[in-house]
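Dock chains B and C against the given chain A, drawing on the hints supplied.
Order-wise, the sequence lines are chains A, B and C.
Going by the numbering used here, the first sequence opens with residue 1, and the numbers climb by one from there.
Going by the numbering used here, the second sequence opens with residue 1, and the numbers climb by one from there.
Going by the numbering used here, the third sequence opens with residue 1, and the numbers climb by one from there.
If you are wondering where the hints come from, they were derived from the structure by calculation, not from laboratory data.
A couple of the hints might just be wrong.
Result set (DSS-like, lysine-lysine): computed pairs, CA atoms no more than 27 Å apart in a straight line [claimed, not checked]:
1) Lys407/A x Lys59/A
2) Lys229/B x Lys382/A
3) Lys407/A x Lys380/A
4) Lys172/A x Lys59/A
5) Lys133/A x Lys172/A
6) Lys59/A x Lys40/A
7) Lys380/A x Lys229/B
8) Lys231/A x Lys40/A
9) Lys407/A x Lys382/A
10) Lys172/A x Lys40/A
11) Lys385/A x Lys229/B
12) Lys229/B x Lys272/A
13) Lys407/A x Lys385/A
14) Lys407/A x Lys231/A
15) Lys229/B x Lys407/A
Covered stretches of chain B (in silico footprint by chain A; criterion: 3 or more residues with CB under 8 Å from a CB of chain A, positions within the stretch not fixed) [said to hold, decoys possible]:
16) 197-209
17) 222-235
Built from N, CA and C at the ideal position, the CB exists for glycine as well.
Chain residues, written in single-letter form:
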Amino acid sequence: MADPVSASDTAATTALSLRSLYKDFGGTRALDGASLEVTKGSIHGLVGQNGAGKSTLIKILAGLHRPDGGTISVHGTLQDHPTPHRAESLGIHFIHQERLLVPSFTVGEALFVGQENLAGTTRLLNRRKLQAKAASVLRERFDIGLPADALIGDLTVAQQQIVQITRALLAKPSILVFDEPTAALVKREVHVLLETIRRLREQGLTIVYISHYLTEIEAICDRVTVLRNGKDVATVDPRVTSASEVASLMIARNVTELFPKQVIQLGEPILKVKGLARSPAFTDVSFTIRRGEIVGLTGLLGSGAKELVRSLFGLERPHQGTIEIDGAVRSIPTPNTAVENGIALVPEDRRGQSIAADLPVRENIGLASLRRFSRLGLVKRKREKAHSDRLIERLGIRTAGGEAPVKSLSGGNQQKVALAKWLSRQSSLYILDEPTIGVDIGAKADIYRLVGELATNGAGILILSTDLIELTGICDRVLVMFRGRMIGDFGAATTSGDEIFDAVTGAGEVQHVG
Amino acid sequence: MTVVASNPPAASRREQRPARQDSPRLRRLLQYGLMIALIGVSAFFALMSPTFLTPANFGSILVNSFALPAIIAIAMTLAVGSGGIDLSVATAIDLASLAYVSAVAAGWAFPVAVLAGLAAAALTGIFNGLLITGLNITPFLATLGTLFIGRSVQQVLANGGNPVYLSPSKLSTAVKFLAHGSFLGIPLPLYVVGLIALAAFILLELTIFGRSVRAIGARPQVAYFSGLKVRRDIAWIYLLSALVSGSAGILLSSTVSAYIPYSGNAFLLNAIGAAFIGTTLGARGHANIPGTILGVLLLAIIANGLLLIGWNFYWQQVGTGVFIFLILTFSFASKRRQQG
Amino acid sequence: MSVSYSAAAVDQRSAFASGETPARPARRPVHRSLLRTGSLLAFIAVFVAFSLASPLFLTFTNIATVIGQSAIVGILAFGLTSVIIGGGSDVVRGGIDLSLASNLGLGSAVYASLIQAGYGDATAIVATLAVGLSVGLVNAVSIVGIGILPLLATVAVMNICSGLELVLTQNTAISVSTPWLDLLSGADRFGIPYLAYAIGAVAAVLIVALQYTAYGLRLYAVGEHREAARAAGLPVPAYVVSSYLISGLCGGIAAILYTALLSGSTTGSSEMLLPVVATALLGNVFSGRLLPTIGGTLLSTLLIGFLANGFQLLHVSSYWVSGIQGLLILSVVAATSLARRRRS
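With the rest of the complex left out, here is chain A:
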């Protein structure tokens, strides 16, 4: 439902016109009459929950999928045979989240591989020419002094992204599609990126910007289209429509119910950390988590929060200090020890560290608690299956059964499997690292509810997150780390988000005991 615009204007100024696209995959309808009209020279945002159809829409635009119905027009011309080659020749280029660059290539090589002629080389590849051209291009576009012989793998994510964008720009695109570009960036880098995108608009490019971060959408988009259940439900001006209205459009649900309100009786301390240090990452960290408490942990990159968690789970050894579990001092040299002591970790990197994608759901769920279903070293299949079925139901995991491989599940459901694994173990301390990243709204609510349940049942929870709303919504207290020190212990009920924000960014070292 685009805003009414006169027909003649449309033709001249529309860069992209996707009308009523339908797409089915097997039994699932991914797109149900979705439309997208992008004005030339504008930044057009695209938002929607996971599963709303954003990815499919973009893939169709990229020529990777054929729509089952609907039309696609690029620069006013109808397209009937979309292929990747076609998309490219029409000037549509994509900047993906993964920065698909070869890690062992130099910046120069990564910029020009596949389009070497743009570097001015003829028959033979002259690497020096390549690096020189790369350096000059980067300087002129971004005013960046990236050494052209630096290896991609040694660059930060933001730097890699610049290379990626430059690479696309070399091909003189007319439409650039940014797909979740800021997920791995720090705030300063996000600013730089948004600035860059604004500048690209000034240079006449048309930009499509896909993101989960509504603040960013608000900041740079001229228009934003909201997708829900495969259909576009609104196209609005984000400067007029508030982020919360947009969010509501995305999920068509009252969002305030997200965080369960409950009062939990706190028990004995389950975790007591005293003077823990592992230089240079963090020093002199002390805090306590009691049974039934949900504690948040947050901090910028380099604050030491991530490293603290690694030490708690036995991935690294702290150099000083003590960790007490249930009142007894413990040394935790490996994850195995941590697990034996009742500590559970749900890592941020789901595919790499949390779930075994090719193994069935049942095996994943039982992975940390095999001893529970076995006798004399032999696994009792039936018991295991019954248990996993129960958990599937309890957590509302949407799967084609316990034997389905976990990779066939959506992000939210995969996360639930990861949690189920530790539930089987009946751990006493759950450490959750960014538990709701890449999780759709429905699963998020489920996960928050589960966290509340776990706390009610006597476990202690530590949530590592950079989402202030999440932290203040679900946690009882929020611990803030800054440059390796724990500088704040805020009671969520009594502290404003601004105060926490200030502490995180280091605006004064405030000691709040909540």
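Relative to chain A, chains B and C alone:
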């Protein structure tokens, strides 16, 4: 150029993937692929040669072309199941063989000689374990290194790689029984195979250790983060692989009454082939003992069948190679079609 | 930017989105270059050690001979290196060509048989090269077309080639000798064996092709990060196929040289496989980025050649050669993975 992805990246941040189109008929075919291949091939040869389906022939296949390769393939399956590979099975075979034969020649009692052989094999396994878990070298390269070093060790210990023959007088009854005896009409070597296969099967499928190994084979990082003792289990696997290979070496030496240097090498490729055939064509999709056993059987039957229908010995090798190739083609092509 | 924290602002990253994990913060690649420098120093050290230990080592004739004798293993290793470049560093799942040794055996058998049957060198050369390319093509089709794991596909092809070789030779050596073959196995008037020229020439051509052309750069991209290569618009399967064709061709060239060196075909060519694999894998350590390169493989070929030669001159038992090779592989790999790990 266009930055175009052909696959949904970073699944954890992506949306629900639409349900995969699964052809149940194809999946069924793949599961029983190995059985079908076995039956098909046997039927083919049964038709082409009257002697194929006789008990005498089958007995010969089982004892001569199946028993030893099966044991080694089982060893390989253990390694493959843990996500690695063991190229040094040949070394374990040879060193065990050397130790065993030397012990027998020196007049030691049969059980002691066996222990000596197994101990030699264990050394290989421990060495591999140290390389892989201690130095973090990938199994392919670690076991390759062991293979090279093992060759030198053999050359040094056996005087430039000379065989060691056992005179008949030195052969105790136990040795002779192991090599040529039978119990209830079934030759003893087959009992050895059966025992080892059964033990390995139980280990991989039914025990906690086996589950842990399977997880390690699928995703070692996830296993580590789930609190599993990854290093310990991998070390055990390579020790077990070496021990199993060692028993093959002992069996081999008993059968030929000698230690023949580098005899292990001949088994290596078939073991790899059988283990992977078992993995890809087996019902489970991961390395498994029954699949491996059937794989070895298939290879043995093909070799035997070609011999019986009168193919020139050298053409047999070609034939076997082509058969393996066809099986692999079928397996991978249909897997591809299933996923596409 | 206001941080609205009413529960309604879902998914709203707070302004300080720390993005805890920039994939890899900029780090100085000290360890990689250390490893490479270390290896080069080791190479030189070996040279110096042997020169000091034996007066026969550092002579022109000796060095030239060693280079010549390394030609066959070296060229095969070049073929394997090409495949590894195009297939990525994971040897089990990535590209590998185990059929090289039996490719050589078959090629050599073809050459010898043709000469024996009365054909000329020209025919034999063409035929041998054709055989090599065909083997490469079969590998390529099985791996790219059908999708068989390279490890398995090339093992199967290896089996078939060995079988065909046996059929041709009936498991005996075929001795042949033609003026051209004799010439090839000899030396020019400076005393440099033609085989040394051969390995030099093949190395030069491949180095240019793989390091100094767009093709080479793209092949590396395909091997190192398939997804990125695809995103860059490269036809990935075509590149993988080309790497196996190069490998097959190398097999053919090596077969011709082998036949010249041994005056015919023999039955022992399969022995070469493991040394070739070792050589190719060792080569990584000589490149600044710890990538497979032809130059690196050339250096490792020479290193192993000189080691064996040195041992011979010093009357060290040849028993130890295999073991030393193994230890070399292991140390190199351990060091490489250490250097790589520091990077991430």
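The hints, checked one at a time:
The straight-line distance between the Cα atoms of Lys407/A and Lys59/A is roughly 20 Å, inside the 27 Å bound, and the hint therefore holds. Proximity of Lys229/B to Lys382/A is assessed by CA-CA distance (about 25 Å); at most 27 Å being required, the pair is judged to hold. Distance check on the hinted pair: Lys407/A and Lys380/A sit about 25 Å apart at the alpha-carbon level, within 27 Å; holds. For the hint pairing Lys172/A with Lys59/A, the CA-to-CA distance comes to about 21 Å; that is within 27 Å, so the pair holds.
The suggested pairing of Lys133/A with Lys172/A holds, with an alpha-carbon distance near 16 Å, which does not exceed 27 Å. With a CA separation close to 20 Å, the supplied pair Lys59/A and Lys40/A stays within the 27 Å bound. Among the hinted pairs, Lys380/A with Lys229/B is consistent with the structure: their alpha-carbon atoms are about 21 Å apart, no more than 27 Å. Pair hint Lys231/A plus Lys40/A holds up; C-alpha atoms about 22 Å apart against a cutoff of 27 Å.
Restraint check: the Cα-Cα separation between Lys407/A and Lys382/A comes to about 23 Å, which is no more than 27 Å; the hinted pair holds. For a cut-off of 27 Å, the pair hint linking Lys172/A to Lys40/A stands: about 15 Å separates their Cα positions. The hinted pair formed by Lys385/A and Lys229/B meets the criterion: a straight-line CA distance of about 23 Å does not exceed 27 Å. With a C-alpha separation of about 26 Å, the suggested pair Lys229/B and Lys272/A falls inside the 27 Å cut-off, and the hint holds.
With a CA separation close to 19 Å, the supplied pair Lys407/A and Lys385/A stays within the 27 Å bound. With a C-alpha separation of about 26 Å, the suggested pairing of Lys407/A with Lys231/A holds against the 27 Å cut-off. Under the criterion of a C-alpha separation no larger than 27 Å, the hint pairing Lys229/B with Lys407/A is consistent with the structure, at around 24 Å. Counting residues of the segment 197-209 of chain B whose beta carbon lies closer than 8 Å to any beta carbon of chain A gives 5, which reaches the threshold of three, so the coverage claim holds.
A count of 8 residues in the segment 222-235 of chain B with a Cβ less than 8 Å from any Cβ of chain A is obtained; the coverage claim is therefore met, three being the minimum.
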